[in-house]
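Protein chains: 2
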Amino acid sequence: MHEIKNQYIEKQGYHDVTHTHHQGHESASHASCITVVPIFNHLEGEQMEEIMKVTKSTSFKKGEVIYREGDISDLLYIVSKGKIRIYRLSESGKEQLVRILNPGDFTGELALFRESIQEAYAEAMSDTDVCMISRNDLQEFLLKYPTISLKILSEFSNRLETSEKQTTRFATEKVDTRLALFLAECMESGDGPMEIELPMSKKDLASYLGTTPETISRKLADLENEGYIKQKSGRKIEILDLDGLLLV
Amino acid sequence: MHEIKNQYIEKQGYHDVTHTHHQGHESASHASCITVVPIFNHLEGEQMEEIMKVTKSTSFKKGEVIYREGDISDLLYIVSKGKIRIYRLSESGKEQLVRILNPGDFTGELALFRESIQEAYAEAMSDTDVCMISRNDLQEFLLKYPTISLKILSEFSNRLETSEKQTTRFATEKVDTRLALFLAECMESGDGPMEIELPMSKKDLASYLGTTPETISRKLADLENEGYIKQKSGRKIEILDLDGLLLV
DNA sequence: CGAAATCTTGACCGATCTCAACTTACGTGG
DNA sequence: CCACGTAAGTTGAGATCGGTCAAGATTTCG
Numbered sequence: 001m002h003e004i005k006n007q008y009i010e011k012q013g014y015h016d017v018t019h020t021h022h023q024g025h026e027s028a029s030h031a032s033c034i035t036v037v038p039i040f041n042h043l044e045g046e047q048m049e050e051i052m053k054v055t056k057s058t059s060f061k062k063g064e065v066i067y068r069e070g071d072i073s074d075l076l077y078i079v080s081k082g083k084i085r086i087y088r089l090s091e092s093g094k095e096q097l098v099r100i101l102n103p104g105d106f107t108g109e110l111a112l113f114r115e116s117i118q119e120a121y122a123e124a125m126s127d128t129d130v131c132m133i134s135r136n137d138l139q140e141f142l143l144k145y146p147t148i149s150l151k152i153l154s155e156f157s158n159r160l161e162t163s164e165k166q167t168t169r170f171a172t173e174k175v176d177t178r179l180a181l182f183l184a185e186c187m188e189s190g191d192g193p194m195e196i197e198l199p200m201s202k203k204d205l206a207s208y209l210g211t212t213p214e215t216i217s218r219k220l221a222d223l224e225n226e227g228y229i230k231q232k233s234g235r236k237i238e239i240l241d242l243d244g245l246l247l248v
Numbered sequence: 001m002h003e004i005k006n007q008y009i010e011k012q013g014y015h016d017v018t019h020t021h022h023q024g025h026e027s028a029s030h031a032s033c034i035t036v037v038p039i040f041n042h043l044e045g046e047q048m049e050e051i052m053k054v055t056k057s058t059s060f061k062k063g064e065v066i067y068r069e070g071d072i073s074d075l076l077y078i079v080s081k082g083k084i085r086i087y088r089l090s091e092s093g094k095e096q097l098v099r100i101l102n103p104g105d106f107t108g109e110l111a112l113f114r115e116s117i118q119e120a121y122a123e124a125m126s127d128t129d130v131c132m133i134s135r136n137d138l139q140e141f142l143l144k145y146p147t148i149s150l151k152i153l154s155e156f157s158n159r160l161e162t163s164e165k166q167t168t169r170f171a172t173e174k175v176d177t178r179l180a181l182f183l184a185e186c187m188e189s190g191d192g193p194m195e196i197e198l199p200m201s202k203k204d205l206a207s208y209l210g211t212t213p214e215t216i217s218r219k220l221a222d223l224e225n226e227g228y229i230k231q232k233s234g235r236k237i238e239i240l241d242l243d244g245l246l247l248v
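Residue numbers (full-length UniProt numbering), protein chains in the order written: chain A, 1 to 248; chain B, 1 to 248.
The hints are simulated quantities; they were obtained by calculation from the structure and are not laboratory data.
Any given hint might turn out to be false.
Computed footprint of chain A on chain B; a stretch qualifies when at least three of its residues, placed anywhere within it, have a C-beta under 8 Å from a C-beta of chain A [as the list claims (entries may be wrong)]:
no. : stretch
1   : 91-97
2   : 112-125
3   : 158-164
In this text the structure is predicted, and so the values were computed from the model without any measurement.
Ideal Cβ positions, reconstructed from N, Cα and C, are used throughout, including at glycine.
Build the full structure now, drawing on both the sequences and the hints.
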């Protein structure tokens with residue numbers, strides 16, 4: 001897979017402005033932008049080569065907006081380096097952090113399969129490289145290799161499940177519980193046995209959990225006073241009593 | 001399309017218990033259980049016939065549970081008659097109404113494309129007929145006719161968009177606003193120019209909007225006092241000032 | 001018609017937001 | 001590598017929103 005040459009994916013970008021094009025490191029880093037994606041990682045070499053032919057690469061600098069609400073977008077963006085912040089504005093103008101994309105994650109899917117515009121914002125949190133596939137190229141590919149559709153459907157199902165679960169939490173749980181559940185989920189996908197590192201600032205966490213930084217600060221202090229957790233330096237938190245935490 | 005015979009879809013049900021099988025009215029009513037579904041309504045006669053061969057039909061009486069959290073489900077359910085209530089229980093045991101299915105709507109999709117169990121509950125709100133397709137049959141069909149996958153992807157995109165928008169509302173808007181937005185959306189899909197009929201009881205509406213019946217009652221009374229709406233008999237509400245309503 | 005469910009209204013209280021002041025951490029440029 | 005400015009985080013006090021409990025009115029449906 002790593003033999004795929006840059007020439008296949010470097011042609012020209014879709015964006016004709018501001019963005020500097022990916023400058024082409026070693027080919028392995030390019031390959032990863034596709035092969036790393038769960039949707040595609042079962043492809044055979046030939047199919048992989050085919051989809052990489054229609055893939056373009058672009059870079060965004062920290063803080064740059066990749067798309068915004070109202071954009072007519074028909075690109076699927078796959079993160080190959082960096083982090084992207086996906087957020088929405090509610091009807092009354094308040095911002096909510098929806099998710100953070102890491103290398104291998106993708107976005108743009110909501111506008112990809114329907115005639116519509118973006119309803120969210122995507123912003124590079126650091127210098128970021130993305131690969132892009134246009135709607136037409138992707139759909140052609142899906143019709144040719146239908147198993148990929150099933151992969152995408154599976155991914156959509158998961159995301160839908162997550163989103164609906166999240167909605168139910170917002171609808172029925174108070175901040176304590178939402179925060180505790182968030183910490184518990186960090187544990188699952190986590191590093192050390194009983195220590196986690198928050199994947200975002202507390203400000204972003206507040207936005208993600210639908211509350212304010214002040215409340216996050218207080219609730220974490222409460223959890224610490226009650227002996228469930230211990231806040232360490234940086235964004236690290238030691239979980240002292242996971243079971244207790246989940247009964248909050 | 002209407003010539004499709006009952007024999008194609010009446011064989012035996014997947015459920016070998018309690019549920020009485022669909023008793024077969026005229027074939028037109030059967031055809032509608034499939035042809036009415038947006039995913040399938042572009043099919044040619046031949047394909048339609050093929051999918052109806054693997055479709056089974058079952059009835060549920062009011063109050064019966066169609067699936068529950070934890071069920072290993074690999075069926076797609078399509079409502080042909082009646083109403084189905086989809087709800088979830090949060091981690092702390094509180095119920096939230098997720099959606100109400102009407103004829104033509106489908107459910108079960110979340111467990112269909114991934115190895116997983118149901119995480120929601122589906123309950124017949126009235127005597128209900130559903131058509132069912134098994135995961136294997138559906139996937140086979142999708143691989144054979146890839147354009148249907150694109151239809152389903154489109155449907156999933158829409159639902160994901162709706163769900164994420166809903167999450168953001170819960171995260172950032174207060175009850176007043178959520179209620180006002182709900183009423184406004186009833187208008188869009190509504191009957192009369194300035195009159196809507198709530199599609200559910202106020203108790204269910206409270207559950208759907210993540211609040212309590214008491215609060216719904218009070219907020220509607222407030223909106224009425226402020227001259228934005230007028231509550232009529234039944235579940236009808238006259239919208240007097242839509243613009244004002246949306247600024248609440 | 002009557003039981004049960006839904007809906008309404010009031011009183012009270014707790015959770016969380018807002019505003020404000022302050023401290024701490026971080027990135028940038030000299 | 002340090003100093004500074006800005007952003008992030010903390011903490012307190014007060015206000016508000018919305019939930020809970022309770023009683024009563026109304027509707028629905030068998």
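Here is how each hint holds up against the structure:
Counting residues of the stretch 91-97 of chain B whose C-beta lies closer than 8 Å to any C-beta of chain A gives 5; at least three are required, and the coverage claim holds. For the stretch 112-125 of chain B, the stated coverage by chain A is satisfied: 6 residues place a CB nearer than 8 Å to a CB of that chain, which reaches the threshold of 3. Residues of the stretch 158-164 of chain B with a Cβ under 8 Å from some Cβ of chain A number 6, which satisfies the need for three, so the listed coverage holds.
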